[in-house]
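S.K.: Letter by letter, the chains look like this.
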Amino acid sequence: MTPQGNRSLTTPGSRQALLATVLIGLALVLLPFAAAEFGNAWVRILAFALLYVMLALGLNIVVGYAGLLDLGYVAFYAVGAYLYALLASPHLAENFEWIAQTFPDGLHSSIWFVIPLSAVVAAGFGVLLGFPVLRLRGDYLAIVTLGFGEIIRIFMNNLNAPANITNGPQGITNIDPISIAGVSLAQPLQIGELSLPSVQLYYYLFLVLTLLVVLVSVRLQSSRVGRAWMAIREDEIAAKAMGINTRNIKLLAFAMGASFGGVSGAMFSAFQGFVSPESFVLMESIVIVAMVVLGGMGNVKGVVLGAVLLYAIPEALRHLAKPIQLQLLGHEYIAPEALRMLLFGLSMVLIMLYRPHGLIPRHHAGGRT
Amino acid sequence: MTKALLHVQGVSKRFGGLAALTDVHLQVQQGQIYGLIGPNGAGKTTFFNVITGLYQPDTGRFELNGRPYEPSSVHQVAQAGIARTFQNIRLFADMTVLENVMVGRHVRTHGWSSGVLGAIFRTAGYQKMEAQMVEQAHDWLRYVGIDHTAHQLARTLSYGDQRRLEIARALATEPQLLALDEPAAGMNATEKNGLKELLVRIQSDGRTILLIEHDVKLVMGLCDQVTVLDYGRVIAQGTPLVVQRDPSVIEAYLGTQASHV
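Protein chains in written order, with my numbering: chain V, 1 to 369; chain W, 1 to 261.
Isolated chain W, as found in the complex (with noise of 0.2 Å):
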């Protein structure tokens, strides 16, 4: 058996009067890709946040790679090893598409010479970490497919190369795990296709990805194990083909036959 890289327990989440997480538990194993799936208002992104610090949750237990982590701030987790791409994509839209993928090397450079007296002065440390850093940011654009898009804005590309920016910057702090909020979303099939291709060769390149999904298709095809989440509540976990068949994950996307009258 593999190794767990992230494990959750009994989380749960209310705002007001509305529980809109309750006992949420699962365990990703290390290299897979994990779905996320559930109807609309299900939680899914609810989730998100809240295993990446934007929400604090009011209960749950949090461990990443063993060790247990409190997701009380956001730039702690990312520091921690879970970067995450949004559901209403947020790039950085005034900044180049090289800048934006620097700024997620921010978290992996560390010491005196990237710091404000660096720059001023240009050290010999400076210009070799911020070298550095563009060849990286440059490796994972290419590794995304949109290198040639380096020097422009990033409100000016694509929609499709705007999520594969958004992935990119996420790779380059280097996660242990990639959180994708509905990558898909607002794709055509053939842009789809070329993000299926991507995502498997993230995983087979050793990464681990939890992936919220509304197409189900897409998850069905590509995922390792599923958790459908409705009404805020684990309703079915396993691998997508057990899943597809639990009665309970079929009448919380079509609904039962009484539930229609």
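Just chain V, same shape as in the assembly (with noise of 0.2 Å):
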């Protein structure tokens, strides 16, 4: 009677479906071995590409699943990122004579204690956006989370005085890298004959969080809270007839997608060692809801995939556009960044004219019951 709804885990599809998950695990492993061939820059691609499948997996809970549009979306990675800068460099201390007196050494956060409190601050900014738009839809929603993002970039450019907070547009500098267990990240890691440059580990660190965060994507969506969010992107009376408490439900969407930003954020400003405002602008807002969009919005599958070719394809442009043009055309004729521009506009636009609901759309692969 039930031609896909067979739910219980003894199926043989099931079988297929581990060995699937240990082929895919285990490429995900060797992956940066791979790119390490070609130079750490590509397993730095890998790790960024990862940052962004997080936040393109954070902005789907609210987009994709709520169907909320924000289009300021990078405010939780900034909020994220200068939590952990804040926490982890000597700013704080050089620029307040009490913390200096109350943490003699500097201040040094421990990963276990930044990565849940990049999560919770975010996700109360989260709450803290969600209020004053709980009535907005559309284009109006659009505009003022669009807004809200700019002020967190603004706030980060101009705090530094009276009291020298974030250190305005210079950013922050000297944030410690991240260490697990006594072992730092910012070292390569020797392991018998095996030795992991820095920028490796952090790739491991990173597929594990975002392995984190397709899980919890994952089990959300099937789940009676991820209906909720459904019902309300379908119809919002119908859902508040259905007895849904929409302001909730449309805040926790607003806090745990605001959650995967924050955790994605700490991260990045561990990476980089650096945050400032110019990390934080509009344009990553846009280039996330593009990830969202294009893969398919609501579609974990489709939001991976896009999230990885739309960070990915430009930046292996950047590294090849150059020698790929000597090597034909025997002379640089566009730059990189103009051609990642126009692959990136080009993109968009036949995925819109060819594949609307995106590349993975909700009803075909993700689309389950």
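To be clear, the hints were calculated from the coordinates, so they are not data collected in a lab. Treat the numbers as computed from the prediction; the structure is a model and nothing was measured. Where hints are given, some of them may not hold.
[As the list claims (entries may be wrong)] Part of the chain V face toward chain W, derived, beta carbon under 10 Å:
1) LEU215
2) ALA238
3) MET256
Every residue gets a Cβ at the ideal spot worked out from N, C-alpha and C, and that includes glycine.
Given two chains presented individually in distinct reference frames, assemble the corresponding complex, making use of the accompanying hints.
M.R.: Structural data, given as structure tokens:
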């Protein structure tokens, strides 16, 4: 009677699924070794791609699940990044006497403290954004969220006076690298013969976090809360008539989405060792929205694919555009940066023309019951 | 005499200069099918929107099952036990039929395992709750006769089945009062008969129905009590037989001679 609805885990398909999971896992672990053959810059690209996957999945909760267009999502990335920057750099101790006195060794925060904290603080900012926009939809919501993203950035830019909290446009430097159980990720890790460079260690940390974010996304999608989000997306009035407290459920979507962004931001600032407001401009928000839309709103696989493609392809181009042009044409005609925007725009236009619901739409691969 | 399930008095609602409802009152007894009829624009849907909290009334007193309630927010009304359908069907079109009904269970599932943490950690309580919700949703789909469509997207259903799904979704909230806004609109004769059978069955299972309907024939054959609205006022109330012969009702539907001149 149920054509696709067999939910039990002992179907013949589940062994294949397990095999596929193991293979994908193995590939993800081995990928940086392959990339490292071409230089650590490529591993760095992979690590950054994972940060963007986390961001896109966070935004997917707000845009894809709950249907609330958020054009200021990068604000939560900024909140996470600055949070870690402040808690793990000499900046605060240099500017505030009492902090220097309280922490004579300087502020150094453990990853086990920072990851949950960045999630919670970003979620708090998500609620802060959520409250004023509860009654807004569509274009109006987009405008207000866009403003929110800019407000956060402008705050970061100007909170260097009267008290120097963010160090303004210069940003915060000397941010501690992450260390786990006494092993600093800034140093290459020696395991027997194998030496893993720092960037690869970060890749593995981000991989673990990304997989957690994927797991949470998938589990929320098919849960009672996930259905309530989607009900709001489909028809807010009908959702209310079903007894869903749309205010709380929307705030929950903003908070959950923001928390992923906050964690991603904290990782970003540890990885870079430096943050400044320049990293959190409107264009970033737009790129993240593009990742979600292009990949397939509301579909975890699609959003992951969208994030990887939209981040990795332009980055790869940055490295390849010049040699390829020199090889083929003997002269560099188009600067990599220009080419990047050109292809970015072109791919958006093509996707919207031929796959308006994204590369992997909700109801093909991911449209589960 | 049976118990009054819904007791509404003195409901008025103005939109600017337009008096959409003036002093509307009605009393629905437990187990009845109660009809609300009237010509286009009489205020039937406005009245529905008021009792379900979608519009704020200017005046009015509301009692559900002997307890006063304030229809100030839609989800609280649903929690209190009034579930409704909509004149222009409002399903969650891009969700499956089963998921639509499961959303109806939302308001009757509570506790730690129903939240985000339960879902993330897939606790035993959460799994049990989900399994139960799926089962109950299938039960309701069987009840309205569309369980074979459970895994289709709601938007792919035929018109009549969409109406049935909306009723199943409302029933899943375990309402004390099922409020149906023109459930037969746009249905052909066969579908209407099927709907009639379904409503009779819902009634015989002990539920109370408040029905807005345009099709006077359907209402007359089905309802125990009828209220007729015209220009936002109650112009007649009583059993279908009595109301049918009421001159003011006939006038409201057909007009008087003078008004045709």
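S.K.: May I ask which of the numbered hints given earlier this structure violates, with the numbers listed in increasing order?
M.R.: No hint contradicted; all consistent.
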